[in-house]
Amino acid sequence: MSKSISAPARQQSGGVPAGIGRRMRLRLAHRSFRILCAAAAVLVSGVLLTMLFFMFRTGVLTFQSVSLREFFLSAEWEPENDKYGALVFIAGTFMVTALTLAIAVPISILAALFLAELAPSRLARVIRPILDLLVGIPSVVYGYMGLTLLIPALRTVTGSNLGDGVLAASLVLAIMILPTITRISDDAIRTVPRKYIQGSYALGATRFQTVTGIILPAASRGIVQACILGMARAIGETMAVVMVIGNTPQLADSLLKPTSVLTSNIVMQMPNVPFDSTWNNALYMMGFLLLAISLLMIAVVRLLQKKGEN
Amino acid sequence: MKWYGKLTTLTLAATLLLGAAGGGAATAAASKLSGKIVVNGSSALLPLTLQASNEFKKLNPKVRISASAAGSVTGPQAVRKGIADIGACDWDASTDVPGFSKFDGQVANKVAVIPFAAIANKSAGVSGLTTKQLQDIFSGKVKNWKDVGGKDADIVVVNRAFGSGTRVNFQMKALQGTDFITKGDNYKEVKSSGDMKTAIETTPNSIGYIDLVYVTDKMTALKIDNVAPTTDNVINGSYKVWSYGYFMTKGQPTGATKAFIEYIQSAKFQNGSLKKLKFIPLTAMK
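Protein chains in written order, with our numbering: chain A, 1 to 310; chain B, 1001 to 1286.
FYI, nobody ran anything at the bench for these hints, they're computed from the structure. Possibly wrong hints are sitting among the right ones.
With a straight-line cut-off of 25 Å between C-alpha atoms, the simulated SDA-like cross-links for lysine to any residue are [to be verified]:
hint	chain 1	residue 1	chain 2	residue 2
1	B	K1183	A	M239
2	B	K1122	A	T148
3	B	K1183	A	L171
4	B	K1132	B	L1059
5	B	K1183	A	T238
6	B	K1197	A	V267
Note that the coordinates shown come from a computational prediction; the quantities given were computed from them, not determined experimentally.
Please model the complete structure; the sequences and the hints are all you need to start from.
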C-alpha cells in the first residue's frame, strides 16, 4: 500500500533538482507540523483561560448586589429572599474534603506499603490492575452505591433518621479516591532506591523501622502528590456527593446533618435559576471558586515536583 | 372550539389521503406548513412535547421541531430572550407565582392537566392528612407522626429544590401558599422527581410530593382532606392538587407554532397519546 502511494510522488518531484525539492518538502512539512502543534497548544490553554475569564466575568457581577462579606461569611442562602451567603457551601466543601482525606489517606498509604513492600509480587501483579480499573469507575456509580447501600447502613448504625450528610459524602468520596491515592503512592514507594533499604537493613534496622524511617520519608513527595490528586478529585466531585449530602443549605454542626457543598448546590440549582439574576451570578462565582481551588492544588503539585528535581 | 373542528377535518383528510394513496406524496399534499419550532423548558412536559412533535412532523414534514428541557423557569426565559418559540412551564408564567415574577407579554397556552400527590413512606402509618396537617408538616410545626395520627416517629421532610415546577404547584395548590421549612436535621432536598421517588421509597417515616404518574405501590399516596389522589377525583373536581401544564409563547402564537400547539390541544392528541403518557386531557376538565 505505502509503495504504490509513494512511488508516483517521487516521480513528480523528479522534475525539480532532487536535493532542493526534498529540502523544501521537509521544511514545509516541519513548519506545518510545528504550526499544527502550536495551534493545539494554544487551543488547550485558550479553553482554560476563556473558562476562567467567563466564570469570573459572570461571577463577579454577584458583588454588584451582594457584599463580599455576605457572600463569604454569611451562612444564609435564601436566593428567594435575596440572601446570598455562600459560607455553608464553602465550609461544606472543606469539611467534606478534610474528612475524606482523613479517612482515605491512612488506608491508602498502608495499602500502598503492602503492595510495594510486603505483598508477594504475584499478588501485587493481580491487585494493581484491579486498582487501575477502580480508578476508572464513573462517580455516579459510587453515588448510587452510597444511596442504596451506605445510607441505609448509616441509618441502622447511628440511629439517625436520614443518614445524609458530611459523613456519608466523605465515606463515598474516600472509597472513590482510595485507588487513586494507593496506586500513585505505590509507584512513589517503588521508586525509593533499593540501596537505601538495603543499607537500612544492613545497619540492623527492623522492617518496621525501615518503613517508617527510610521508605516513607524517601517517598513522601510522591505520596503528598498522590494525596493532592485525590483531594482535587474529591473537591470537584458532584454526582456522587449530590446523592448523599442532603442538599440543605445549613451549616453542618453534626456529621449526620444534611448540608450542601459548592458542587452539589450548583448542580441542584442551575436548571432553575432565572438568567441574568444575582442568583445565577452567585452560582457562577461558586463555580469560579471551585476552579480556583483546583488550580491552586495543581500549582502546589507542580511546586512539589520542582522542589524534588533540585 | 372552531379550530378543533378544523384540525380534526384536516387530520381526517390526511388520514383518508394516506389510506387512499399511501406514502409520502399524501403527507406532503396534506400540509403546506413549514418552519422551525424550538421548545425549551419543563422536563415534566418533555415526554408530551416529544410525542407530539413526532406525530406533528409526520403530518407536516416541512416543519422542524427541536425540543430540550431543564427547569420550568428556563421555558419562559428562553421565550423572552428569543431563543425558543415555546417555553414549556409547569405554572402559568404570565402571572406571579411564589418565587417567580410574571413574564410580561407572554401568553399561556394550556396543553395538559398534571395531578400531584403528597406521598409518604409506608412506615409512617398514615393514609391521609388534612390540608392543615400538610401545612403544619411542611412548615415544620408538626414534627412527629403521632401528632397526625401515625406512629411515634420523627417526620422526615423531603422537598424539591427551590425553582422546581412541582414545588411551586404543590405549594400553591396543596399548601395554599404557606412556606416550607428550609432547615433541620430531618429535612433534605432532592433535585428531580426520580430522586424524590427513591428518597420516599427508601427513607423510613419520610413525606414528600410528586407528579401522580410517578406514584408507585412502594409508597403511600396520601388522601388530602379524605380525597384520594386519582385521575377520576381530579376530573370530578373533588381533588384539588393539580395544575395545567403550559406552553408559553411571546404574544399569541402564529404559523407553525400555532399549528403545533393546536395539534397538542386537539381532541385526537389529548384523548390518544396524551392519555397514554398519563396526563389528563384538557377536555376532561369541564
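Run the structure past the numbered hints and jot down the numbers of the failing ones, going up.
Per hint list: single violation, 4.
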